[in-house]
Every structure is written in C-alpha cells, then in structure tokens.
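Got chain A sorted already, so can you dock chain B onto it with the hints?
Here the protein sequences come in this chain order: A and B. The first sequence begins at 1 in the working numbering and counts up by one. The second sequence begins at 1 in the working numbering and counts up by one.
Worth flagging that the hints you see were computed from the coordinates, not collected in a lab. Careful: at least some of the hints might be erroneous.
[To be verified] If you anchor each label on the Cβ, the simulated ranges turn out as follows: (1) Glu581/A x Leu494/B: 32 to 38 Å; (2) Lys438/A x Ala493/B: 25 to 31 Å; (3) Met58/A x Arg357/B: 50 to 56 Å; (4) Val449/A x Ala553/B: 43 to 49 Å; (5) Ala439/A x Leu480/B: 15 to 21 Å; (6) Ser403/A x Arg188/B: 45 to 51 Å; (7) Gly60/B x Lys438/A: 25 to 31 Å; (8) Ala219/A x Tyr485/B: 35 to 41 Å; (9) Asp45/B x Ala155/A: 15 to 21 Å; (10) Gln139/A x Val221/B: 35 to 41 Å.
Just so it is clear, CB atoms sit at the ideal spot from N, CA and C, and this is done for glycine as well.
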Amino acid sequence: MSTYRVAATFEERGIRPPSKDSVTVGESDLKFIHLRNGEDVGLLQYVRNGGIAFPHIMVPESLQLRSATKPSRHGGDATTGGQSIIRKQTVGSGAPNNPEAPNGASDANSAFATAVSHALWLWNAKHHASAFVAHMQTQALLKAESWFPASLAQAVFGHVPGTASAARTDAMEVEEAEGHRNMLTKTEGPISCIAWHPHRSLVAIAHRATDTIFLYDLAHDSWCPNILQNVYMQGITSMAWQPNCGYALAVGSTNGACLWSMLPTSHSQQPADSLEAPGLSTMQFSAWMTLMSFPPLDKAHGFPARLPLQDKLTFYRSASSVSALAFSPCGQWLATGHQTHGHLTLWDVALGSATPIRRVGGGSRHSALQVGFSPNGRYLVSTHANGQMRLWETESWTSRVWSDFKANVSKFAWSPDSRSLFFATVGSSEIYALALYKAPPSLEAEVTVVSSFEAHATATSDDCEDAERIRVGGAIKSLALDPKGQRLVVGFDDDSASADISLLAIYLVNTDTLFRAGGDSSALMPLGYIRGPSWGKQHTPDGDKAATESALKPDKASAKKKRVRLGLPIPSWFGFAPNFEPGALLTVAWANGKLSFVPMLFNSSAFTK
Amino acid sequence: MVYRSGSNQAEFARLAEGILRQRFVRACVYEVVFAYVVAAVGNMDVRRGVFGVAHALVSGRTAGHAAALYAVGVAALAVHGRLFAVERTAAGGAFRRVQRVLRRPADSAVAVCAYVAMSWFLTCVHGWMFGGGAARMWLYPEGSYGARQLNPAWVATWALATAVGASYGVQLVADERLQLAFPGVEQRRVYALKDRVAGAVARGAGFAAGVVWRFWAVYAVCGWAAYRAASAVAAGLGAGATRGLDVASPLLSARAVAFWLASATLTAVTWELAHRLFEVVATEPTHISSLSADRNACLLGGLRHADSALVQHLAFHELYRLATFGAAQRAELLADIDRSSGPMWAHVSAQCIAVIRAATEQLRASMAPAATQPKPAAPAAPAAPAAGGAPVSDILKMKSRARADAPPQAKPDPAPLLGPEPQGLEKYVLSALRDALLLSPVGQRLLVRAPHAHATAALANFQQQVWAVRALMRLVECSLDEDPYGVVQNDIALVLATLFAYLAELERCAAAAQPAAAHASCQPASRQALAMIHVVRNALYSFTTTFYDYLDALKLPHELARQLQPFANFCA
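In isolation and in its complexed conformation, chain A is listed as follows (with noise of 0.2 Å):
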C-alpha cells in the first residue's frame, strides 16, 4: 500500500467551514453559496448561473398509516393506499385485538378489518398449527441437545428446516437480533437508507420507525399516493432499484430481500402534449412484493404462491437478514451480503433462481457490511465484518482480498469509470483509492492512500472578527462519488473525537494521477463545506451554545452527553441522484428527518482551474 502525498488540505486552501446557522444552498464555479438568515451574495449570482434551488422534504420521527387495501392472503399486494399519512389506525401489526384500535361500534371498517383479520387467522390455521408445533419441536431439541449430542437429539426429534440444530437456531436468534441492533443503531433519524431511481427522478425513502417506504417524485415536486409496506419487510438495511426496468424496487430486511414490482394502472394526469414522460406521482399504480428466497419457499424458481400472513415462517439462514444488496448496471443480477454469514447471494431477478457464492467464512463475524457492482458491470466489490474487503471479477467469480486494513471497510464508492475505487476504514481519517491498472476480468489492482482529513479546530467562514471555532474532520463514516466522477463527498463519524459532524466535506476528484507515475499530484483536492437545515429550537435541549462547548472541548463528560448533538444536522445518510444533466446532485438525509438535494453545478474548465 503506497501513500500519495495530499496537496493541500482545506486549511491551506483557504477553505473555512460554514457557521452553524447557515444552510448549504448549492454549489457553482466551484464554491458553495451558504445562506445564512436568507442572506447571501453569492445566491444571487448562483440563480444568474441557472442554479436551482430544492425544497427540503420532512420526514417526520414516527408515522401511523391506514391502508386503504388489507394486505392480501397471497402476501404480495400490501400497498398502503389513499392519502399517505393519516394519523388513524396502526395496520402493519395488524393483530386482530389491538388496543388501539378503535371501537367496531364507531367505525364500520375496524369491525370489517377485524372479522377479516379473524377469517384469515381461521383460513391459516393449519399454518398456525405447524408454526406451533415447529415451536415445540425446537424447544424440545434445545432441551434435547443441551443432554445429548446433537446429531442423537435430532435423531429423536427431528431437525429444524433450514438449521443445523435447534441450539444453532437459538444462538442464530440471538445473533440476528444482536446484529440487527447493531445495524440500525450505527444509523440515526427517521430515515434509514434511501435509493434513487436509475433513470427517473424518484425517490424511495425508508422509513425506519414503521418499515414502510416512501416514494418522492423530484421533477413533480410530489409525494406518490402509495406507501410500501409488508409484514415480511421488516427490519430495512438496503435499497436499490433495478436498472433497465420499469419500477422495480429490492429492498434488504431481516427476512431477506424483498422485490416490490409497480405498475402504473392509470393514465397520467399530465397534458397530452407534455414531450416528458410521465412521473409515478401522477398516476395510479398497483404494487407488490415477492420474498425472495434461497431455497424457494415452495420450491418453485423464488416466486412463493402464498405467504400466509402473521406467521412466522422458517426463512432459510441463507437468503435471510440481508444486510447489503446491489444490482448489476445491466438489471439482471441482485448480489445480496448478509448479516448472519459471509457468503454472497447472486440472484438472477427475472428467474427468481440464486446462487451462493461461498467464499468467506460462514459465520456471523464475516458478515457482509456492503456490496457494490462497477459500472461496467464487471466487477463486484463486498466488504466484510472481518476487515477483508474483496473484488470480483463477475465473469468467473474469482476474488482477490484485502484484508490488511486497521479495521473494517465502512464504505466505499466506484467511479464512473469502473477503473478506480474510494472507501474508508472504520475510525480512520484516510481516504483510500483502489486502482485497477488492468482491463476486466484482471484483478490487477493496487491499495493507496490518497488523503486524510484529521481532526483539527477551526474557525468559520464569517467575516466577522468574532467567529466561532469548531472541530472539523475525524474518522472518516461515509463517503460518496458523484456518476460523473468529479466530486467526492465524506461525512464524518459521531464517535470521532467531538468534531462537527454536521459538516460534509467536499473533494475535487482527477482519478487520473492515481494512473499516472511520480504520485506528484493529489487525486482528492478540497473544494468545500456543506451544511444542513437546522434543528427546531424545540428539539435542542441544551442548546447550540453547549454542544458547541461540548464539541470544543472533548473529554470523558461530553462523551457521555451525545445527545446535545442531536441538535445538529447530522447527516445519516447522503448520495448522488443518477442523472442530473447541470452536473451533480447531493441528496443528505438529515437526523432531524429532513432531505435536502444540494446541486452542484460543474464547470467544464473546473478542474483546469
């Protein structure tokens, strides 16, 4: 692993952090216009320059949702339908005596629901019974297994579909709950992940607290009528949609990957003579869901009849608690990582048929962090629990590993050009680049370290002779590259000694130099800050004046006080739209559940500058 030297840091070029009350517009010729109190001279140059301007879309923390179509018998169409958030009646536990539920006197509808909700409990009774009995049979198997071996218990009493052993089955238990903890938890806001679609401007957004996905219609500037929601789909991790199709959407769960399929069943409400095509959010759609697992339910190609609602059921290990999934540019291929074990699970979508590919461990400690197809298609990059970060070549499916890192790989980010790779460590202020010197299917490829960003205190952009200073930089906890490959985006980690991680840093990329002999010359160079919409003043307990002291002055006691913080925009999650033709578009999900789309309009001589 070699080491290039950075050219400048955002000190020395000059570039100084936003203050705390400004909010990050967009970027134009190369800087970023901040408005503070609705204030700016640079706005006005930046709209000169056809800059645009997105409203923020809110979020609220907790949601209850009304279906206006009970969720059928078959499992699939669970939309919830109608006007999107009513504040009524609690429909994805759907247990039949609910407390709070309303009377069956007042409300006709509850009554139905309710006497639909026991019809379909008696209609699935036999699978009632067999989740029972499978109950039993497990608890017997623990008893069993904890007296005798294993293999002489199950001799006895059977074995559990999918599972080595019922005491394997309960440690699994445990051990999913324990790693699905984890997962959330490293997440904050209502917001857990989001997925842009590859060719339109649509965007699902998942909700954490309810399970339910949201989809937003950027160019109408509207909500799609339709809610997504499932009791299989429990748990989100990941999203993405399928390229090269018409709106299909895979989402990881605990239960595995969900595929929901949608298909406008309307005519558009926009004018005949509109030359755009029409968005979902101005048609009526019908959508539903198929549970895709590894080895079918019903054993029939992924595609399960009936899903009986309520239960239970045995989801096999394999396909089971997804915790990273990715599509192949081409549609065709879902590679799935898992929370439970290392093995990668390539779906062919349209078959519903999947293949393992078992490479690493099989244990809980090898589980996938993330999973991420090259734009060409070619390659496969999947991170791991175990520090290994490895690269497929998808022809083959050979694999080349690196695992010589401090700690895991957090994230990582491909260019346009499927020939270099940006990613992070856990706890690391360094920016790594992959090179690829090689045309696919070689693996040829060399690890460096193209900058670092350590933590330091500075002060802010205000002109006047007072400013602030805050702790900016720290390890490193996401980053991401733009389609076009110029600009690379890096968040920073909550638990990295008390600096502002409210702030997104901004890199110039030349992948270039990362080809080129001598290592003269930087591939990252700093560009700028972004910053969130602020919190309500209602939500910061102690106010700005203390986190901010707490942030300066980091010790053991405002460690401890983590939730002075949650008055910050901090970001939980952010990436590029696909396609945006002025240059790129930054989407930030905020913890205090807000979205804002930050514009970056590029220059063509920008580099050159």
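For chain B alone, coordinates are given in the frame of chain A:
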C-alpha cells in the same frame, strides 16, 4: 491449440463431442474420490472411537468397497450420459409423472433395469461388508440337515434392493432429474460441486429412509403373511423338519433394519453423488469456438446444429457469454461482413430469432380457440386427446426445432404415436392395441393433454430461449458503439417485432393461466411464462435506455413505436 477442419458446420459439434468425452473421463476420475470417501464412511467402526476413521481409511475392506462403489458410480455416469435431457416439461402432478415415464418407455426401462442391477450388486457387496448376518442365505443353522428353504430376511433384503433400484430409476425419469440444469452463475467447478455435495447426501439419505420405511410397512403386511402361510404349508408337509422356522422374526430384527438402512443409504448416496457430478461436469461453460481457426463460423455451426440438443445448448450458452463478457469476439462478430453468405450478425441473429419465433408460434397455436385448430392428422386417433385441441404426438415424441435457414417442409407425415410404424401382422396387432389404448378410458386419462400443456411444451427449452433473448439484445445494445458497418441497424425493427410478438403471447398465456393458478399442475408453466415475461421486458427496457436518445432517429414503424412507447414512459 487450434483445430482445423473442412466444414465449419460440423466443427462445433465435433469439438463439443470431443470435449464432452474428455469431461466424462474427468468425471470418472473425480468419482474415485467420492467412492473412497463414501466407502470410508460406510466402513467406519464407531466402537474404535476416533481411531475408527484412521482404521477405515487404511482398511482393505474399504478398498474393496470403494472399488465396488466406483464401478457403480461409473455405471451411473454412463446411464446419465445416455439418458440425460436438456429440455424440461415443467408440470407437476401424478399423471404428469406417469406420462413422462411412458413417453420414452425404452429409456425408462433402461434406467430402471440399470439401477436395479446396480442395487443388487451393491447389496451383495454390503452383505459381504457387514458379515451377511442379516441376509443369511439359509434358514437352518449350520449343521442342520433338512429341506432347504429361503430365509425371509434374505428374500426381504433382495426385495428391498429391487425396490430401491426401481423406485430410484422411476423417479429419475418421472421427476425429470435427468434434465441438465445449467447454472446461472459460472463458478469454478470445485465450488459448484461443493455446493451440491451436502444436498446430494441429504437427498440420498432421505430417499433411502423413505424407501425403507415404506418397504417395511408393505413387507409387514404382505411379506410376513406370506411367510406365515408358507410356514404353515411347510409345517403341514413335514412338521418335524420345519420347526426351525420359528427362529427370530426378521421384521423385529434391529440388525436387519440397520443393514437395510445402511445399505440403501450408501447406495443412494453413491448414485446422488454421481448424478451431481455429471450435472456439474456436463454443464461446464465451453469456449469451443476459440479452438477453431474461424471462430465465428464455428459458433454459427453450433447454433445451427439440430442433431444434438446439448451441443446446441452449449453453443447458445457460448453466444450468451461472448455477448456479455467477450468484448473482443463480440466486436469481431459484428465486424465480420465479408462473407459470401452475408454478414455474420445476420446468421447469428437469425438463429436467435428462430428460437424465439418457434416458441411464439407454439404459444400462438396453443392459445388459439379450439375450433380453429387443425384436427389431429393421425387417423388412428379419432378420440384423441382433444382436451387441449392439439395432438398428443408432440408429447410422446418431441422433435428438435427446425433450422432457421431450412426450407419450409411439406405437410409432415402422421407421426407414429408409439415409435416407428411396423409392418405385416405386427402392424395389424400393434395398431389394434394402440387404438384400443387410445379409445379406452385409461388411455384417455394417461395420454390426454392437460390445459396449458401447450405452454408447457413451448417453454420446454426455457433456458435456450433466455440465452437467445439476452444474447440478441446484448448484441443490439453493443452495436451502438461496436458496430463499425451498421449491420445491426437494419435488423433492429425485426428484433423488436419478434420480441413484442413473443411478449404478447406470453402475456396471453400468463393471463389464461391466472384463473387456474390454484391448480397445482398449472403453476410451473405459469411461473415459467412469468419469468420469461421478466426476461423479455428487461431486454426491451435495456434497449430503450440504451437507445433512448436515438429512438427518433431509428424511424421505427408506427406499430413498433406504439408498442415501445410504454417502455420509454416506464409504464410497461
């Protein structure tokens, strides 16, 4: 290494057959390992503790057993090599299984006989291994002199061996397990095999346990009664001489049951491992065309080869791989225009389109109203199988598809339903039997076509159709950057029209199967149709997103543009 031959048409087939022979030899080598491991496990003595493993590895009995298992494994590989198929009829139900067994009675008989023979052979070997106590040959203890009679345990053991072999052979044919399943993702063979070993052992053990307890139940009712009856008869004939029949009952002998289980499990696991080994080795992706001096023509010869379905499958698989991964050969194929017969792209696309069109026509014919369909041509089948309106002959004897460039055939001869037409008295007798069978309720029940069986037959070469659609569309997409002479551009409308026609028929088929989805036998065909709809839609979307900026410049016909508009609007 480059093979040179005079005819490119036959070159691919010749090379493929040579490679398949090499693979069979390689599979036989791998089989040595399997046989030795299974023999070592079978000869492990648990009373020796951990030393039982070491003892089993070096035991002479293990070596002998391994040799026997190797012989059986190679025989199983030979059976699979002779009887395998590449096209599948996806439909469930008991009658479907019976129909599959009856479709090729000679092959079914070969499978059953081969497996029964292998089962008998291994029973002898296991009797020798386990001391023969459970399969004692004679009833009386040594030194007793009386009328020799067969021991019921001996009879039961051999009956069980017969049942194991026969049931395994029948289920192989009935479940179409001899069909080669080409893997979706190409991995190294060792990984592909490793993934299947656990499943093979589990399936073998499950099969053996299932057969043993069913056999035990049947034998408890029938065998024991027969044994007692025989004992009574023997006692009536000579009371003193048959007193020895009161020895311990073999049905209650734990040793006999353990012997049955161990023997049947070892046998079934050996077969299952050979089965998986053949699957993995035979479906390994090939690079046959790169062995030829003219690799484009060689590949085309493989695509045109209609004599062997496996060779044709390997050629389509190779085309799909080069379209997806082989940038160099893909560019070479698109630039290959200097041939007297026309551009290479035209020939390759014609083969892919022929596969799609054949399936479309089959679906269209099957989904047409029954009144408009032609009546069965066979004069001997007046009552035939009119349930679906199509003749039974294509079920009984499926033919490979016609070549794309073959001249249109005249009206085909009435296909013989039960093999070649005999002559003389034999013809008269067999015709009478055949008519009687077809007219009888049993024959109607066994040979009649179920609803949607047409769609099932159309999707029998499902995998080949998937490769054809994906390879064709991938080549069209790549032509945007890699087609220097614009040979693909003229055929884009034809490709799109073919795919839209197929998509329309598939959607009709899926919609027709929807009301009957609850019926078990209809689900697989419907699911295959749905999967194929996904594949075709994915291809059309892929075309749309690739050519999005050039859709106006393509100047597609109005009807095609109308059909493509929903894909451009992402509403399809």
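* **Ascending list of hint numbers which this structure does not respect** => Checked against the structure, the hints that fail are numbers 2, 6 and 7, while the rest are satisfied.
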